[in-house]
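Chains as they are written, first to last, in UniProt numbering: chain A, 1 to 103; chain B, 1 to 157.
Since the hints were made in silico from the structure, they are not lab data.
Fair warning: there could be bad hints in the mix.
Restricting the straight-line Cα-Cα distance to at most 27 Å, the calculated cross-link-like pairs of lysine-lysine (DSSO-like) are [to be verified]:
| # | chain 1 | residue 1 | chain 2 | residue 2 |
| --- | --- | --- | --- | --- |
| 1 | B | Lys149 | A | Lys31 |
| 2 | A | Lys76 | A | Lys34 |
| 3 | B | Lys69 | A | Lys50 |
One side only, chain A facing chain B, incomplete, derived with CB under 10 Å [stated by the list, open to error]:
| # | residue |
| --- | --- |
| 4 | Leu29 |
| 5 | Lys67 |
| 6 | Phe75 |
| 7 | Pro83 |
Just so it is clear, CB atoms sit at the ideal spot from N, CA and C, and this is done for glycine as well.
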Amino acid sequence: MSDIKIRAKLKDGETEVKCLMSHPMETGLRKDSKTGELVPAHFIQEVVCKSKDQVVMTANWSGGVSKNPYLAFKFKGGEVGDPIEIAWTDNMGETQTATDKIT
Amino acid sequence: MIDAKRRILLKGSLAAGTVGVAVGAGLLSPSLVLASWNEAAFHAKDLPAALTSLMGSDATETNEAIKIKAPDIAENGAVVPVTVETDMDGVTSIAIVADANQTPLIASFDLGEGAVPFVSTRIKMAKTSNVVAVVQSGDKLYSNAKEVKVTIGGCGG
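Start from the sequences and build out the full structure, keeping to the hints where you can.
Next comes the structure, spelled out in structure tokens:
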């Protein structure tokens, strides 16, 4: 079960991929309002986007990306039915992967 | 510089397995293979330091061909939508920076084969400042900026 939502649409020769990930994206700079202690950093560091095993884009992030990150990008050369794979890794070594098809 | 080269060497030997084969076959550009989370860049306290760690230089040239779409006024600094787009050729990477954040470098995107220079995401901004987009094309860096006013806790109007 993955929390990554992907929508990939082909239009005028370009595939636009939009995705939403579920992640707290803690910078490590925020204080807990009740305890006053710093909330440990916990954020996605790397998102690898592949289509047909070809890396289309790699995103490197800091905790400055908003909670439950949104990511959109475009590439040429995709065809309807081609698989899209999104995989993220966070600073605690957790990973998630999801796939969808271009429509 | 020495550090950067050492990094490449280390990465190169690690990647000599299957990825190395892919590079040899021209399937992946070396920048993609070498890409990994750049701790120095993401922990840098100012933009020049971040860019030097990330892209090897902080010499950027302002270029209006880089379009930054972001709100003029963001009511909630925790969620500021930013889209960076350009029609420049040969773009290999795009970085998004919020000038006044404690660690300004927010995201860098390495574009692979076929990728169009377009990225969109949502970022956190500590206070009113410029959102800077840095685009790498060939061995040159280009940038553009857009000011976003942040009214944290504001209720509009």
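Hints, one by one, checked against the model:
{"no.": "1", "hint": "B:Lys149 - A:Lys31", "in the structure": "holds, 24 Å"}
{"no.": "2", "hint": "A:Lys76 - A:Lys34", "in the structure": "violated, 49 Å"}
{"no.": "3", "hint": "B:Lys69 - A:Lys50", "in the structure": "holds, 25 Å"}
{"no.": "4", "hint": "Leu29", "in the structure": "holds, 6 Å"}
{"no.": "5", "hint": "Lys67", "in the structure": "holds, 7 Å"}
{"no.": "6", "hint": "Phe75", "in the structure": "holds, 5 Å"}
{"no.": "7", "hint": "Pro83", "in the structure": "violated, 15 Å"}
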